[in-house]
Amino acid sequence: MAAFHVPVYFDYLATFSWALSGAIVALRKRCDIVGVFVLALLTSVGGSILRDGVFLQRTPPVLTDPVYLPLITAASLLVALLHQRIADLPVVDKLVSTIDAIGTPAFAVVGMQLALGAGIPLPGVVLVGAVSGVGGGVLRDVIVREVPFILQPGQFFALVVLFASLVFLTLTLALRVDTVLAAWITIGVFFIARMLTIRYNWQTRPLLRDG
Amino acid sequence: MAAFHVPVYFDYLATFSWALSGAIVALRKRCDIVGVFVLALLTSVGGSILRDGVFLQRTPPVLTDPVYLPLITAASLLVALLHQRIADLPVVDKLVSTIDAIGTPAFAVVGMQLALGAGIPLPGVVLVGAVSGVGGGVLRDVIVREVPFILQPGQFFALVVLFASLVFLTLTLALRVDTVLAAWITIGVFFIARMLTIRYNWQTRPLLRDG
Amino acid sequence: MAAFHVPVYFDYLATFSWALSGAIVALRKRCDIVGVFVLALLTSVGGSILRDGVFLQRTPPVLTDPVYLPLITAASLLVALLHQRIADLPVVDKLVSTIDAIGTPAFAVVGMQLALGAGIPLPGVVLVGAVSGVGGGVLRDVIVREVPFILQPGQFFALVVLFASLVFLTLTLALRVDTVLAAWITIGVFFIARMLTIRYNWQTRPLLRDG
Numbered sequence: 001m002a003a004f005h006v007p008v009y010f011d012y013l014a015t016f017s018w019a020l021s022g023a024i025v026a027l028r029k030r031c032d033i034v035g036v037f038v039l040a041l042l043t044s045v046g047g048s049i050l051r052d053g054v055f056l057q058r059t060p061p062v063l064t065d066p067v068y069l070p071l072i073t074a075a076s077l078l079v080a081l082l083h084q085r086i087a088d089l090p091v092v093d094k095l096v097s098t099i100d101a102i103g104t105p106a107f108a109v110v111g112m113q114l115a116l117g118a119g120i121p122l123p124g125v126v127l128v129g130a131v132s133g134v135g136g137g138v139l140r141d142v143i144v145r146e147v148p149f150i151l152q153p154g155q156f157f158a159l160v161v162l163f164a165s166l167v168f169l170t171l172t173l174a175l176r177v178d179t180v181l182a183a184w185i186t187i188g189v190f191f192i193a194r195m196l197t198i199r200y201n202w203q204t205r206p207l208l209r210d211g
Numbered sequence: 001m002a003a004f005h006v007p008v009y010f011d012y013l014a015t016f017s018w019a020l021s022g023a024i025v026a027l028r029k030r031c032d033i034v035g036v037f038v039l040a041l042l043t044s045v046g047g048s049i050l051r052d053g054v055f056l057q058r059t060p061p062v063l064t065d066p067v068y069l070p071l072i073t074a075a076s077l078l079v080a081l082l083h084q085r086i087a088d089l090p091v092v093d094k095l096v097s098t099i100d101a102i103g104t105p106a107f108a109v110v111g112m113q114l115a116l117g118a119g120i121p122l123p124g125v126v127l128v129g130a131v132s133g134v135g136g137g138v139l140r141d142v143i144v145r146e147v148p149f150i151l152q153p154g155q156f157f158a159l160v161v162l163f164a165s166l167v168f169l170t171l172t173l174a175l176r177v178d179t180v181l182a183a184w185i186t187i188g189v190f191f192i193a194r195m196l197t198i199r200y201n202w203q204t205r206p207l208l209r210d211g
Numbered sequence: 001m002a003a004f005h006v007p008v009y010f011d012y013l014a015t016f017s018w019a020l021s022g023a024i025v026a027l028r029k030r031c032d033i034v035g036v037f038v039l040a041l042l043t044s045v046g047g048s049i050l051r052d053g054v055f056l057q058r059t060p061p062v063l064t065d066p067v068y069l070p071l072i073t074a075a076s077l078l079v080a081l082l083h084q085r086i087a088d089l090p091v092v093d094k095l096v097s098t099i100d101a102i103g104t105p106a107f108a109v110v111g112m113q114l115a116l117g118a119g120i121p122l123p124g125v126v127l128v129g130a131v132s133g134v135g136g137g138v139l140r141d142v143i144v145r146e147v148p149f150i151l152q153p154g155q156f157f158a159l160v161v162l163f164a165s166l167v168f169l170t171l172t173l174a175l176r177v178d179t180v181l182a183a184w185i186t187i188g189v190f191f192i193a194r195m196l197t198i199r200y201n202w203q204t205r206p207l208l209r210d211g
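Chains as they are written, first to last, in UniProt numbering: chain A, 1 to 211; chain Y, 1 to 211; chain V, 1 to 211.
Hint data in this document are derived by calculation from the structure and do not stem from the laboratory.
Each hint should be verified, as a subset may be incorrect.
Any copy, or any two copies together, can satisfy a pair, since identical chains are not distinguished.
As a list, the in silico EDC-like pairs of lysine to aspartate or glutamate whose alpha-carbon atoms are at most 20 Å apart [as the list claims (entries may be wrong)]:
id	residue 1	residue 2
1	Lys29	Glu146
2	Lys29	Asp93
3	Lys94	Asp141
The structure displayed is predicted, hence computed values, not measured ones.
Based on the provided sequences and hints, a complete structural model is requested.
Structure follows, in structure tokens:
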């Protein structure tokens, strides 16, 4: 099991990108600097807090690793400094989607690795991966009182997370691909699938139609 | 303490019934298949995730027992397959209330058994039982942005959970009734009390009246 | 580390005051007696449940210490008994703000003490203190479907919590002041800062202005 290890910079990368995305949402919700930081924090480490605090009974790394809080503070300050620019640029929405498309699979891969290490059976590993990947976004939506994106019909997202999780588990467990390589491939697969979904606007549908 | 054990099929039964009920709510909220599964999952194992992950510091069984996720997937697919039928039948509301009236006390009994096993004092045991019984429903309401049923005046529910919890603790701890028998009696008591509440529409009232 | 100990009555005091404040909010939201108790419970021990159940992997004291549940029940019954009076008095809003100004730093101090005892590094200690201090209020807002006060521009609150946390850590860790004395000084500093904020209505502003 010693070899099965996703480097911590995957987690730093994902945390910074989700913190930016949470801070931008806070900006648009007319929050003050505290709200920007709180939403950056919840969006970026909410998934790992659920993963560790609720599912795996570990102390969440935001408490034990001194890198996370400065990273989230930096993302919050960056967004606060550039706030006029960010509010004006229509390119920002595209940027947020793009960084989410990197951050989500990175979190999912780290979550699956920890769940495997804790001896959780495979269906549970996928669940922990999915919660790690989308948990922060769901908490963000709940706290700003929006229907969580995961419950709404729209562009494929959760199914892409599920697909990427299966790719990662197949690569590492069945094909014995090196974990770091498998993690990068998974992030690549998710990123491409997600960009295609956005480009062609592939949508899921509610099971019940109106009318 | 070895004899004090509620069989796991109580938990499977309650999980399946609450998963159906969560999936039906998702259907009516115009969710897609992902939303139906997410709401079935949260409604059915939300209580046990709070119980284990937050209160008792155990790994939630949805991760460790490979039965739960297939059970919840099956309930989601069943509701998805029958969706037109379910949307049309007025009998479904009654069915959901009925299965909730079985699932709630089953979860409460399992929760109390685990809390007793962890050496929690009696008031805490009742709290863990109540959270196990109503937690999934509260999380479901929060995530679909409704005021949680437990906060709203309406038909007696939480007080019936409290009453059933006291029945279970009296039977097992004071009267030394066999745990499995006590669990079935508790479920029966809750079911009858709840059906009477629905039949005669017994209501609680807000402390403050308007006007 | 044995000497580093905040007496438990700080926690009882804060719990009772937040339970009153939660119960009063429930009263105004037209809840029944169950809703009043649930909101009193969530507001008063929500912060410590997050602190212990999610962050520090301890069993929350509301389960293990038999004082909390009777304390919260007493606060709920008190508010229920005096409900007509409470609804009429404009002085109640001021009273709620005042008790929150005592309860918040008391919870923050207890949280920081536990986090230090668990070997968490200083930025994490401040985070645990802040979550302990404001967590219950945030959960209360989420469950009654209001935008959490912490996200809204308005009177300084979170920044005062942060300032008080730094005061406590400076006193205990750098200046080696006795913990009980430091806790009282911290509560006093927070109380005065908060009362000044309310008196002069010091406000934070959204980063983005409308128009």
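Structure versus earlier hints, numbers of those that do not hold, lowest first: As far as the earlier hints go, not one is violated by this structure.
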